[in-house]
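Q: With these hints in hand, go ahead and build the complete structure from the sequences.
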Amino acid sequence: MAYESGILLESGTNELEIVEFEVAGSRYGINVIKVKEIIVPVPITPIPHADPAVEGIIQLRGEILPVINMERVLGAGPSANPQNDKYIVSSFNQQQVVFHVHNVTMIHRISWDAIEKPSGAYSAETSPVIGVIKIGGDMMLLLDFEKIVMEISPETGIRLEQIQKLGKRERSDKRILVAEDSPLLRKLLQTTLSEAGYERVEFFENGKDALAYLEKVAETGDVADTIQLVITDIEMPQMDGHHFTRRIREHKGLAKLPVIIFSSLITDELKHKGTSVGADEQISKPEIAELVLKIDQYVL
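Each residue of the sequence shown is one higher than the one before, counting from 1 in full-length UniProt numbering.
Because the hints were derived from the structure by calculation, they are not lab data.
Mixed in with the good hints there might be a few duds.
[To be verified] Straight-line Cα separation of at most 25 Å, DSS-like style, residue types lysine-lysine; simulated pairs: (1) K174 - K252; (2) K216 - K36; (3) K168 - K187; (4) K36 - K86; (5) K256 - K271; (6) K256 - K216; (7) K187 - K174; (8) K165 - K294; (9) K168 - K294; (10) K256 - K294; (11) K174 - K147; (12) K216 - K174; (13) K117 - K216; (14) K252 - K216; (15) K294 - K174.
A: Set out below in structure tokens:
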């Protein structure tokens, strides 16, 4: 079954739809935009010497796709009812990956401001949890699937050598604001942007905190004297990148700020969402070299 309802959400409303799934009785979520379809398990071909979390590969409509066992990723126990197991076929970061889970239950439509960021006890770089959603008296954990895949296959992530291939670069005194919820991605962006010559980068964990900072700056004078460019992810607790971009465009003192959306969710089918809220550019992770060239275009 394909899940396309998330595409129908109006852009910039700060809402999302989440597919809820279970692993060893615990509840987890994945953004419906990442989900192409959900299927029953099919025969797997094991891959010798693969990462322990990779069960193997399957063939689906002519494509060869890796299968990641979420039980192993999360260190959870085995499925109590294997007959309910499902494969979540997903697409993000310009790749397709299958996640093996114990069950898929329902879809929730919620607001990003209902998603709490993880506490310090489980928000370290090693944690795959990027948000906590309270549903009734229970909790559902929103997972960082990009991080899960990148730890298994580092070449799928942001790589410093992509910047080094651009050649020698001058240092820039331009200031850039980045809204990115993933600690791992913030660290990688800091390293790669510094290599590209941009060392004055202000990082925020979500659009809400970033917007509050920009509004405060705008109260004291011309924001362009303090921040010359905004880069934002889309998926972030409290306020997503589309809503953040729309709020910038609606604010008289911020409206002229260039905004680049840098997200794993940038596809030809979904670019209209960023366009409708006023993004100047939309670049898919992990194309860091393309991001740097666009930064050059707007601030140099």
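Q: Run every hint past the structure and note whether it holds.
A: Taking the hints in turn, this is what the structure says about them:
1. K174 - K252: holds (22 Å)
2. K216 - K36: Violated, because 40 Å separates the two Cα atoms, which is more than 25 Å.
3. K168 - K187: Roughly 22 Å separates the two Cα atoms, so the pair holds.
4. K36 - K86: Answer holds: K36 to K86 is near 13 Å, not above 25 Å.
5. K256 - K271: Measuring from Cα to Cα gives roughly 20 Å; hence the hint holds.
6. K256 - K216: holds (16 Å)
7. K187 - K174: Given that 25 Å is the threshold and the Cα spacing comes to 19 Å, the pair holds.
8. K165 - K294: holds (16 Å)
9. K168 - K294: holds (17 Å)
10. K256 - K294: holds (16 Å)
11. K174 - K147: Violated, at about 29 Å.
12. K216 - K174: holds (19 Å)
13. K117 - K216: Satisfied, since the Cα-Cα distance of roughly 23 Å is no more than 25 Å.
14. K252 - K216: holds (13 Å)
15. K294 - K174: Roughly 14 Å separates the two Cα atoms, so the pair holds.
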